[in-house]
Every structure is written in C-alpha cells, then in structure tokens.
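Letter by letter, the chains look like this.
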Amino acid sequence: MTLTFVLLTLAKILGFILVFCVILAAILTWVERKMSSIIQDRIGPNRAEILGFRAFGLFHPIADMIKSFTKEEFVPAGASKTLFFLAPAFALVPTLCAFAVVPFGPGDLVISNLDSGMLFVFAIMGFGIYGVTLGGWASASNFAMLGALRGAAQMVSYEVSMGLNVVGIFAVFGSVSLTAIVGAQGHLLWGWLPMWGIVVQPLGFVLFLVAAMAENKRAPFDLPEGESEIIGYFVEYSAMGFATFMLSEFLEVIVIACIAATLFFGGWQIPWLDPTGTAGGWITVAQVAFFAFKVLFLCWFQMLIRWTVPRFRYDQVMSLGWKVLLPLSLANILATAVVLALVV
Amino acid sequence: MVKVKVVERPPADLVVQSWLPELWKGMKVSGRHFFVNLLTQKGIVTSQYPEVKRAYPPRFRGKHRLMRREDGSVRCVACFMCSTACPADCISIVAGQRDDENEKFPVTFEVDFIKCVFCGMCEEACPCDAIRLDSGVHRAPAYTRKEELNGKEDLLSLGSLSVARQGGEFK
Amino acid sequence: MPTLTIDGREITVEPGTRIIEAADRLGIDIPRFCYHPGLPVAGNCRMCLVDTNRSPKPVASCWDPCQDGHVVVTNSPRVLEARRAVLEYILLNHPVDCPICDQAGECDLQDLYFAHDHQPSRHPFHKHHKDKARVLGPQIIYDAERCINCTRCIRVCEEVAKAPQLVQVQRGERAYIDVFPGTQLDHPYSMCTADVCPVGALTTRDFRFKCRAWLTHGIQTVCGECSRGCGIRADVYRNAVQRLVPRHNPDVNQYWACDAGRLAYHRFETGRVSAVRIGGAAADYAKGVRDVAEALPGADARGVVVVLTPWMTCEDVGAVVAAVRSAAPGATFAVGGAAPGIQDDILVRADKNPNRNGVAKVLADLGVTPVALDAVLSQAPSLGALIVCGAEQAKAEALAGALAAVPLSIVLAALEGPLTAAARFVFPTTSPYEADGTWVNESGVTQRVRRAVEPVGDAKGFEVWASDLADRLGTPLAARDRAIGGNP
Ligand code: SF4
Ligand code: SF4
Ligand code: SF4
Ligand code: SF4
Ligand code: FES
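Chains as they are written, first to last, in numbering that gives the first Met the number 0: chain E, 0 to 343; chain H, 0 to 170; chain B, 0 to 487.
Just chain E, same shape as in the assembly:
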C-alpha cells in the first residue's frame, strides 16, 4: 500500500462521496421541494436569500443546515441517550459506505474495486435497519417504536426481493463485481444494441426499482416515517438528529440511482464509444459526466414517482413485497436461467 494509493483513495472519497454525493443530497432536498411545488402548480421555496440573491431558492439547503445546527437538540424523558444519538449515525454511515464500490468512471475511478461488489452493497445497506430500530427504540415513545417496527419489517421484506432481483443480472454478466458488470455492459447485442441491464433484464429493473424505493422508505412506501401522521421512527428527533436521518434518506436516493445506473444503465458506458474504458482524456471525462447524468436522471425519476403515487396502506406494502415482488423475482430468475441455458 503506497502513499500514492492512499492519497488517491482519499481524493476519490473526497471527490465522489463528500463532494458529489453529499452536496447532491443537499441539493436534492431543494429539488424535492421545488419539484413537488411545480408539479402541484405552486411556486415553491424561494425566500432564502444571500445579499439579495435568491437563486430560485437554492439557498434553502443552507438555511436548513443553519437551522438544524442551531435548533434545540431535544431528548425525550426516559430515552436512552447514547443510543438516541447513535441511531442517526447508524442510518448515515452505511449509506455513505455503499458508495465505495460504485465505479463512477472507467478503470481506477472507483474507490474500492471489490470482487464481492454488489454483495458488499447489500451487506452494508442491511445495517441501515439498525438506525431505524435503534432510533425508534431509544426514543422511549410508543409512536416511534411502532414506526421502527414497521420500518424493520418493511426493510427486511424488501431486502429479500431486492437481492433476488439482481441475481438475474449476476447470471447474465457472470459476476457480482460492479466494475465487471459495467465492463460487460459495453458489449453489443446483435452488433448494434448496447447490452445494458435494462435491455436484458427489463422486469428485473422494474422490480429492483420498486424494491429499492420501498427499502428507502420514501413515498409511496413511507409508512415507517409517515410525514403526515405521528407514527414514525424519528418522530422524537429534532435538529441535527432529524437532519441526519433526512440526509441519509436523500443519500439513499443517490445510492439507488448509482446502483441502478451501474446495474441497468451501463454505469459510465457511453453507447458505442470506448467500451473498455481505456481511451483516457476527454472521453473519460465524458464517461464520468454521462454516469453523473444517469444518476441525476434516476434521482429525478424517483422523485417523479414519489410525487405521483399516493401512499400504500401497510398491509398492501407487505403483501406487495411477499406476494407479488418475491414470486416475480423468482420467476425472473427462472426465466433468465432458461434463456441463458438455451442461448449460451
């Protein structure tokens, strides 16, 4: 392990996770509010200003941040203080870790090129459930506890089908390493069609997106936090605790977008252009930019869904997970296996 390697990794962490992802998450809070407002024919937030500039409300994330830092950190009587403050970190850190294996550009432009790639993502995202359950339990509030139970049940249920959904991808591309999967998507089918995940696994993509959004606990699957009710695992949180939960939620939106882009949209691949990622120069820059574009598009798409579909009822969420997604995922694997057996 050379010093250059350490420095390079730190630079990648800084550039990709801290600059791109965290700032994008902050901007997403603005995008979400602005988007909801214009979808609902409103003007939306535009009041925060710096020196008279309002920038369409782009300063609202900054105002939110200042507010979160200065608000009272409220701890309910009877709460377990240590766990109460740890829970937001448990929600945030796994999400940040998941970015480590996402190849945001060709070659070395990935923080850690793990062979276990996607499995690492699943493993580390599985930790997110601790944030939810600890947050709910440590608040010493029945409503938070109920929210946490809902959250735990929902996350466990959808983790199963989310894992099964990508088995098809693994089968088609023959690897669980994200770098390898992106590389494989550079191939062309019949000589002209880019072999993206969405082309070879269309059902897999739909199921993955649904499961991932449910995993993220955002509308229409936002029962564990229920913004419009008082049930929710972080009802008792205020100030930075609350902001951390919120931030990790938006980061998860980006994680989902990154993973979906990597698995189903060819990662940094630009169709018909330098599939091996060895060209370097401006082409590499374009590839990184194209990856960023895909991520942004998928974030936008998730928000569009969030502001279109009304919330499910809790029993509907559970039966969708176990009775629809799971059988469909299994069927998808079976079909993939049959096709692969026949074609290859």
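Wrong hints could be hidden among the right ones.
In silico DSS-like pairs for lysine-lysine, Cα to Cα no more than 30 Å straight-line [to be verified]:
hint, chain 1, residue 1, chain 2, residue 2
1, H, 145, E, 70
2, H, 145, E, 66
3, H, 145, H, 114
4, H, 52, H, 114
Facing chain E, according to a computed beta carbon distance under 7 Å, are these residues of chain H, among others [claimed, not checked]:
hint, residue
5, 29
6, 36
7, 37
8, 44
9, 45
10, 49
11, 51
Label-pair ranges, simulated between beta-carbon atoms [to be verified]:
hint, chain 1, residue 1, chain 2, residue 2, range
12, H, 118, E, 126, 52 to 60 Å
13, H, 83, E, 45, 32 to 40 Å
14, H, 48, B, 279, 52 to 60 Å
15, E, 174, H, 5, 37 to 45 Å
16, H, 138, B, 162, 50 to 58 Å
17, B, 266, H, 106, 32 to 40 Å
18, H, 59, B, 182, 56 to 64 Å
19, E, 49, H, 52, 23 to 31 Å
20, B, 249, H, 83, 49 to 57 Å
21, E, 280, H, 52, 34 to 42 Å
22, H, 106, B, 120, 28 to 36 Å
23, B, 237, H, 54, 55 to 63 Å
24, H, 106, B, 128, 46 to 54 Å
No wet-lab data here; the hints were simulated from the structure.
Note that the coordinates shown come from a computational prediction; the quantities given were computed from them, not determined experimentally.
Idealized CB from N, CA, C, for every residue including glycine.
Position chains H and B with the ligands relative to chain E; hints supplied.
Just chains H and B with the ligands now, with coordinates in the frame of chain E:
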C-alpha cells in the same frame, strides 16, 4: 323507495392490478405539470405573498381598530360589551373616568390576538361604533406572546374618525 | 289576624303587615322601587300599585296594610297598564346610559322596563340634565340623572346608620339627593346607600367602573373584620375579588355591613406571603413540611407552644392541635389575635377577630386549656419550638422577639410582617377569601366561610398544612378532623 344506483367498479384484471398503466398515466400528468411549469410557469396558481396581494373581500375582518371622536379622543366608553360578547374572552379593559363628564373611557384596552378568532362579535356588540375589524390589516405572527397583546395605542393607531350617533341624529 | 286573598291565594298575617310583604311571603312578585324590607315605608314611587276590593283605584301595596277580607289582584290589565305608565313616567328624563352605568345587569329599573314597559321613549324634547358624578362622600358618588328619587338612601342613613346626612332637594323633575352644605356622606355605613339604590344613581368608589356586574360570580361567605361576622357576598372576576356586598342574614346583620368590612379585601391584595421560606430562602412546600416534621418531635422536651389566632376556622384549629400533638404530645396552646378596636351600637364589634368563640369551643372539646399569651412570651427563650398561626397578632412585636429566641420557630401567615421576618420557617396561608371552613360569631351563630378565589402561590389553609404535617409524621388525621377545609 329510495333509488339505489349501483356504481360498477372497474374489473380488477391483471392489467389493472399490475398498477403499471395507471402509474404511467399518473406519471404523465405529474411529468406534464413538471415540464410545463418548469419551462413556462403557466400553470402556477399561487402568488408571491406579501409582495403580491390579492384583493380582500369587502367584509374581510382584520385587526381591530379603535375609532376616534371629532376631538381625536377614543370613542370607546369602556362598557365591556365587547369583552362580554367575545367568545374567546380576549379583550381586557381597565376603565377610568374622563376629566370632563361622567363618562368612562378605557385606561387600557387590550386585545389578545393569540386568542381572538376574528368573529366580529365585539364589533357587533359595541354601542358606540368604537371598535371595528375593518382595518384590513392581518394579524401578524409574533415571536413572543406579549407582542400579540395589542394595547389601546396600537389599536388607536389603526383607527380613524367616526361620527356615528347612537340611535341616529336627534331631531 | 286579618286573612286576605292575593291573586286567588289566601294568607293570614299579623295586623299591620303590608300587602307587599304578604305577597312576598306567597312568592308573588310585585315590582317595587322605594320599598325595602329593611327600611321604613315611604310609598313614593308608585311602582307597586295593585287592585283591591277596598278602593276604586289601584293602591300602593307597600303602604296599604292587609285587612280582613281584602281581595288583591296584582296582575289585572289595569294594574299592568298602571305599571307601564309609572315606568314611562320615571324614565321620562332618565339618561339610559346603561352601557356605562355600573348598575346595569343588576338594575331594577332596567329589569322592570324590559318586563313591563318595553317601548321606545315618546318624549320628543331634550331630556332634563342634572349633575353627573357628584361626589357625596369618601365612598359614594352620585349621578342625579339616574336617580328616581325613591329616598331609600335617605332612609338608610336615618334608620340604619342613625346618621341623617342625606336630604332631598328641589321638587318634581328637578328633585335630587344631596348632603347638607359643607358636610359629607361619611358615616361608617355609607356604602349601604349604594346597595339599596335600585338604580345606578349611587355608586361606590370601590366598584365604580371596575367591572361589570354580570361578569362576576358571587360567593356567599362571611366578613372577618370583627366578631359580628356579617354575611357577605364576594363578587369575583378573573380570580380576583371585585367587591364585597352584604348578604341578608336576619340573625346577624340584617341587610347591612360596615364600610370597613367591605373594603377589607384590599388588605390582602399586596404584601402576601406566597412561598415557603426556610431561614429567609424560598423553599419547596414539601421540603418545609418535611423539615418541620423532622424537627418538631425533638423540640418537645424543652416545650412546644402554639399560638393560635381567632382568624382560623374551627376545622383549622382542630387539625393543627391534632397534628402538633402527635409530634409533640406535651405541646401547649395559646390564643392570640388582632387588637380590639372601635365598637358601635349597630353592627361593629370591638373584638376584631371573627372566630374567638369557635376557637374556644373547639379547644374545650379537645380538652385543651389555653395558656395566657403573656406567660408564653416570658418563658420563650427556654422553649423548644414556637409556632405562631396568623399575621393578625396584637402582640406581633413581642412574638417576633420570642420567635427569634427559640431554636425552632414557625410562622403560618397570609401577610408579611414582623412575624414572618423573625421566624425560621414561614408557611403561606390563605386569606379569608381563599379559606374554607366555619366561624362562630360572638353571639354563637355558626357560619360557613367559602373559598371565593384560588390561593396565591403555595398558600394553603392551616388545616391542609396540619394534615400534610400529620401525614409526614406517619399519623394521618382521622377523616373527622379534615371535615370541611382542605382542598375542595
Ligand atoms: S373578533 Fe371575536 S374573538 Fe376577536 S375580540 Fe372580537 S369578539 Fe373577541
Ligand atoms: S369598544 Fe365598544 S363595546 Fe367595547 S368597551 Fe368600548 S364602547 Fe364598549
Ligand atoms: S340606572 Fe339602570 S336604567 Fe338607568 S342607566 Fe343605569 S342601568 Fe340603565
Ligand atoms: S340615589 Fe338611589 S336610593 Fe337614593 S333616592 Fe335616588 S334612586 Fe333612590
Ligand atoms: S314600592 Fe310602593 S310606592 Fe314605591
């Protein structure tokens, strides 16, 4: 006999149950609003309050104002009719005697806008046309409860001359 | 014994009874202005007209005595028309400034107008104007325009206060009430004139413009300013006493009360003890009681003395004696109290304590022989503990000295004073308007004192304190001992 109209539910076939066509329709709607409003702002129905204000209806009830007599003094005679009529019990008056006659006047006159529901009962109860809700001024939010207690001076500053006579002019 | 019929109902009364009294006994309401059951009859307002079989035209029922075989009708069309006409006449020059009139809401003229007249004025000319806000005396202000010249006020001064200070001057529509030149309406019962005034002509400086009558709710209680114990009604608005008015009690005060008693509530508006103090520092009530409960039993060896006050209710005395005895079985009790003052032949008594009789009775029942206060004062330095109840102590200075000398000094008082400054433990107690219990007046009439307003701060009745102390000592008072008082 009551006529019962049975509304047929659409058949819950697989296409409907898959959600996808309806989801697609919904996404089209929200997507259309998104792009139209993003590019042209045509559909936006809200306005930039407080820079842009809509006209209030003529009978809008805003903050109270205390009316004045010809000599500029307060018309109110501290009769407590308004505070008696007030369903929110938010008017507090301390009465004193005017220098010249046997008439009362309010030494202090406080309306607690936290409690006030702007029902206009006080205006209706007042025998002197001394209190009105036609200032057109909104109750503004405040940082402390004390700021919401509007005293006689505040209410008078919104007030103006009233020459109404009780029971009309004397023949 | 004449027997007569009023509105078809028969009644037998003593000779000389007026028709209006007989009707009152039957519960038949005859409107009136100048008649007052506590005053001699004047018969000048004509509001009480009724039809009888002994007279061709309606007669004043407050004046006419009942006769055998009298048949009285109080609601014939002729009577109703007569009432309406009388009212219209009385209201001819009336200013009808009810919105700023302090009587509004309890005004006989207002009520009867709505019951019997109820028509707009037919008087087409300018009304006759007279003096408004004329100061008659230190307590009373007079509005000549509202006066209906019933002369009740004059009769109160003459017959009740025995101080003929008011007089009617002028005649007809120019008549008004006045004091003699160079004099004032200043006898000790002057506020009774405002009570009897059926309209808003006489108002007390105390209540004038202060609050509207209909906003208050009245609590029937007892005045504590002297051992007469006049029945009073405390009118309360927003948890504050707005005024005290006499309440009819034929055994004690008839319809009257003295000015001093009616203004006494101002004494408790400032200078209240509102929090427990230990050694001068504010403390928690529970901690105060706990500390006393811990220290009191140890003081018994050197002697514990409790100075009671005849301002306590009977229940207070019983509870305090029981609680202190369970901590210090050898405790002795003395009775202090406010210094005696002036006395008159009407109501005011020299003993300025409301419950001396009751305290003596309760102590006798409990087998306590009170020791003399002077004896307590002389042996003070050798005592283990001294507990003084009530701020109204004639020997406050001496008691304060004694408190400073004993190791465990406790004062329970509503008002700050030398006692609360000298004691180590100070507990706030209720004012007479926050108290609840019974007082026994000088002639042995037992009366209920009711809580009119909520106590300030941590103030508690003596009885509540004693009961909490007993709980702390592990010897809770028997239910009998916490009969009334306590938290209602
Ligand atoms: S508007 Fe209604 S609530 Fe407000 S002060 Fe007047 S009477 Fe009271
Ligand atoms: S505002 Fe009108 S109703 Fe209220 S006290 Fe004054 S005069 Fe009476
Ligand atoms: S005396 Fe009675 S009728 Fe006359 S102004 Fe006063 S309340 Fe009204
Ligand atoms: S002042 Fe009152 S009590 Fe006296 S005469 Fe006039 S109305 Fe009667
Ligand atoms: S009450 Fe009888 S005349 Fe006045």
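Cross-check of the supplied hints:
1. H:145 to E:70: Roughly 22 Å separates the two Cα atoms, so the pair holds.
2. H:145 to E:66: Given pair residue 145 of chain H, residue 66 of chain E holds - Cα atoms ~24 Å apart, limit 30 Å.
3. H:145 to H:114: holds (12 Å)
4. H:52 to H:114: holds (25 Å)
5. 29: Because about 4 Å separates residue 29 of chain H from the closest Cβ in chain E, which is inside the 7 Å limit, the hint holds.
6. 36: holds (4 Å)
7. 37: Given a least distance of 6 Å, the restraint on residue 37 of chain H holds.
8. 44: holds (5 Å)
9. 45: holds (5 Å)
10. 49: violated (11 Å)
11. 51: violated (10 Å)
12. H:118 to E:126: 52 to 60 Å: holds (56 Å)
13. H:83 to E:45: 32 to 40 Å: violated (46 Å)
14. H:48 to B:279: 52 to 60 Å: holds (57 Å)
15. E:174 to H:5: 37 to 45 Å: Taking Cβ atoms as reference, residue 174 of chain E and residue 5 of chain H lie about 57 Å apart, which means the hint is violated.
16. H:138 to B:162: 50 to 58 Å: Since residue 138 of chain H and residue 162 of chain B have Cβ atoms about 55 Å apart, the given range 50 to 58 Å holds.
17. B:266 to H:106: 32 to 40 Å: violated (24 Å)
18. H:59 to B:182: 56 to 64 Å: Holds, at about 59 Å.
19. E:49 to H:52: 23 to 31 Å: Holds: the Cβ-Cβ distance is about 26 Å, inside 23 to 31 Å.
20. B:249 to H:83: 49 to 57 Å: Violated, at about 35 Å.
21. E:280 to H:52: 34 to 42 Å: violated (57 Å)
22. H:106 to B:120: 28 to 36 Å: holds (32 Å)
23. B:237 to H:54: 55 to 63 Å: For residue 237 of chain B and residue 54 of chain H the Cβ distance comes to about 40 Å; the hint is violated.
24. H:106 to B:128: 46 to 54 Å: violated (26 Å)
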